[in-house]
Every structure is written in C-alpha cells, then in structure tokens.
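There are 2 protein chains.
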Amino acid sequence: MQIVKTVSGMQRLARAWGQAGIRLGFVPTMGSLHAGHLSLVKRARREVGPQGKVVVSIYVNPTQFAPTEDFARYPRDLKADARLCRAAGVDAIFAPTDEQMYPRDEQGAFSTYVVEETLSRAMEGASRPTHFRGVTTVVAKLFNIVQPDVAVFGAKDFQQATIVKRMVRDLNFPMRLVVAETFREPDGLAMSSRNQYLLGSLRTQAVVLSRALQRAREVVRKARAPLPVGSLKAELKTLIEREPDARVDYIEFFEPGTLTPVAKVARGTHLALAVFVGKTRLIDNSSL
Amino acid sequence: MQIVKTVSGMQRLARAWGQAGIRLGFVPTMGSLHAGHLSLVKRARREVGPQGKVVVSIYVNPTQFAPTEDFARYPRDLKADARLCRAAGVDAIFAPTDEQMYPRDEQGAFSTYVVEETLSRAMEGASRPTHFRGVTTVVAKLFNIVQPDVAVFGAKDFQQATIVKRMVRDLNFPMRLVVAETFREPDGLAMSSRNQYLLGSLRTQAVVLSRALQRAREVVRKARAPLPVGSLKAELKTLIEREPDARVDYIEFFEPGTLTPVAKVARGTHLALAVFVGKTRLIDNSSL
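For the protein sequence lines, the chains are A and B, in the order given. Read in order, the letters of the first sequence are residues 1 to 288 in my numbering. Read in order, the letters of the second sequence are residues 289 to 576 in my numbering.
Hints listed in this document are in silico derivations from the structure and should not be mistaken for laboratory results. Every residue gets a Cβ at the ideal spot worked out from N, C-alpha and C, and that includes glycine. Hints may be right or wrong, so weigh each one.
[As the list claims (entries may be wrong)] Simulated coverage check for chain B against chain A, where a stretch passes if three residues somewhere in it have a Cβ under 8 Å from a Cβ of chain A:
no.	region
1	306-316
2	332-344
3	405-419
4	455-469
5	556-566
Starting from the given sequences, assemble the full structure and let the hints guide the process.
Put into structure tokens, the structure is as follows:
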C-alpha cells in the first residue's frame, strides 16, 4: 500500500492506472477510521473487483468547519488509519497537507469554490452555513486528483451524499457515485469519528438518535393515513430530550431525492436528525 | 470529423482516447467561428501533435449571459462552423443542446455552480455581475465532459483566461491551460464574433480600441518613470470617445497575474478596455 502526500503524485498514479484500464474506487474520509469507513472500503472493492484499485483519502478539510467548530480537536491518527487500510486491502492512501490542497503561490490565494444552492440550504446547511460549500469544493478537488470510476459515500451523512450526487450530475464528473448503508454499533448508534467524544453516560444517551428513528418507523408503519409532521416531530423531540444531556438541533421530514420538506409523513418519507449529546453534535437518518 | 451532441457520447469518446494514450487538445467556443478561433485550433494541434486529437466545443452558454444581454441574437451557424473545423483538421465537435447541459430530471433542476471570488470582481465581473459564474461553471462541465490534456483559451478575453487558469489550479483539473495571443484584423481590431454587429462606420470606429492600446504602449515606453493611472486613463477616454459612437465602459490598469489594480503604470502593467461601439460592447487588452 502506498501513502501519497502530494497532489501531483496522486494525479500521476491515477493517470497511470487509468491508461492501464484499471478501474479505480475511491472513499474520501477525514481519517480517524472506524468500521463504518471500512464498510465503505469493502463496497468500493466490490465495485471495482479484485483487479481494480481502491484509494482512501484522509484529509481533515478546514474549509468545511466553521471557526467555532471542532477542526483543531478533530481526531487525527494517520498511523492507525494506515494500519486499518492496509488490513482492509486498500491500494493507496491519499493524505495531503493543507499546503498541498490550498496552496498560496505568486498568483495569489485559493479563490474558487463549488457551491450547491438548493439542497444545501436546509438541515446541516442551516445549522452550519458554510459547511457544504467546503464539502463540495474539497470533494470536487479530490475527484479531479484521484479521478475515480466510482466513489463511495456513507448514507449516515445523507444530505452530504445527496448534494455530492447532485454535484456529480450537474458538473458532469465522469464517474459513478454509490451511497452505502449506515454502519451501526450493536446497540444502534451510527458509527462516527465523533463518537470518541462521548464519555461516560453520554455514550448510552447517544443511542436515543437511532431509537427515535425506530420509533418514527413504527408509528408510520402502523398509521392508516399520512401523519401531520408537527405532532410526530413533537413526540420525537420529547423522546430525545428525555435524555438529560440530549438537545435537538433539528428534526426534518423530507423527500429523499430532492430533500423537499413534506407536510405529511408516509412510508418512503425520509427522516433526518441532528442532536447535541453533551457538547457533541451527532446526526442520523432513515427512510420511514 | 465527428459531431457529438450528447454528454455521454463525448465522455465515451474521451475515455476511449484517454485509455489509448492519445493526447487531447480542447478549444471551447460559442461557435460563430472566425480566424481567431482557428488560430486556437492550430495552437491545440501544435500542443498535442499529429497523433493527438483536437476537440472544439460549440455551445452558446445561457448562464453566462444576463437577461439584458445578447443571448437570443448571439450568432449561431453550426453548418458553417463545422465546415471551418473540418478544414482546420478538428477531430470532433462537441455541440450539445441546453437540455444536455442543464438537464432537469426527477431529482430536480440544475443547482451547482463554480464560483471564483477574487479575480471575478473587477472589470467584466463588475459590468456583468453573473457572467464569470456562468463561465467557470460551464467550463468546469466541459472539462469533465471532454477531459482534455490541454485546453487553449484566447488572450482577447484576458480576465476570463486568468480566472479559468485560477480554477484549474484551485480545483486541480488534471490538465494544462494555454493562453494564446489575440488574433487581429489587418487594421488591428481584435477578432470577435460580435464584430458581425458592427455595420457601416461602426466597423471603422471599432479600431479605436486597439489604437488606444497602442497609444498607451507608446506613452509607457517613452516615460522615464511610472505614470499615475488617472491622467493616462483620461487621455485614453478622450481618444476613444472622439469616435462619435464609442462610449467607454471601463479602462483598467492592473498586474497581469493577479488582476490587482495599480496606482502607477509601468512596463509590464496590463491594460484592459471595454467600449460600447453603438450598441455592441467590445473588449481588448494588452501588456504595456
């Protein structure tokens, strides 16, 4: 397994593989890898086959964090990540520095952004106004650097995956995007690098996100007619905030393809949650 | 020579050429081709060699026109353009429809833009506020569709070429950008599809743009010390508006790499002009 640290090195490698007709699968990450990421690697391998190559990028992208967020303390451990990748059969890690990704040369500082203007407004975009602009920009860069045939994103960040899919369509990236199912702990908590922040009883309280999703699924499946959003939202908020350190940031019901909010909840409606558990903000989502 | 009308068709062709190790040169245009475009085609051929392929895109991109501008009456003649391309040894024309470039499917309308936020503000960006966002977006799309090794832009649209160069750097497009010299009529008028609008004496008056550039070069070359911008600007404005139908939109002096305005004009300073001649807005520029 190679660890590539420069943009030009990664582009050379991608070009050589492309010209040799080798299929390339790509899993972009911010590192601090866990079983959820490894399930994405497995999916990428399945997509490109044993003769293909799988690249994992590890880069904590500053432009998708607001100044008040956890960029500085976001967990980083390239050695441990490399061990996991090697064991998972990854062919190359792309782990650039900030200077590689956002260079400042004699022609001036970085100034080009990719912005998605419809799907980015609600939910995570409302809570974190500059977040998705940072995501789409760095993902466009990574796509141009790694030049994959297929990229795999996790469904845990459902809005992100939907926005990146839109970007791939709108800007005609010559690749396919796969959204892989959320990988969960045995008790239902969605895998996330931020779960490391959950100390003591916070870890147990955090299970309330997946419990709320499950409760919503039950209610919708038992209902004889579409349910008004308001009462279901209130019920879930009460359920969640029964946990002493849990505070709802948002609860949204929407069409999965367009992220358009719905007035009535029915089977196939999508539910997404963001909840602070202590100081840690967690997200989860599910089809109902 | 092939004429490709679909995004998927062009991507298939580009992929086949890429996997065969064939170098690909690209000249994006809005059609209505003239000798200026053909000089860009020649340059693309020189870059990729006789074994390489040259693609010209012909697409009048709606998103770079403001509602008040000449999108509807912009000249279009694919047959004549195809004849010129064939004679110039072009291998493929990519001529998509608006439905191909800005599709609206069940997932919703186009919503992803590429924006350059520093170089785009002045000059053309100030006079045409949404113009460059349309340009960078469509050029990013075309780069992903055609996947060239080298793209050739004309220096006549100097700010555009500088912004696209910045986009290529910032978003890591795996290609090289070449800016080719402005091609001029024998009397000095820069080649432009909009020159067709110049009827009667307007055609003669339009030469005043290149005369103004020449005058500025002479003044700067004779000067013993850097010149204050104000007086030179006033002199050029007077020179230009001596033509009965010419009205200055802007006259700007700046550093060519960063487009930063200068206070004093010296050798190497760049000068750009936009002038209405009758109802037709013309631009030109030169190093001094």
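Hint by hint, which ones does this structure get wrong, listed from lowest number up? Structure breaks hints 2 and 5.
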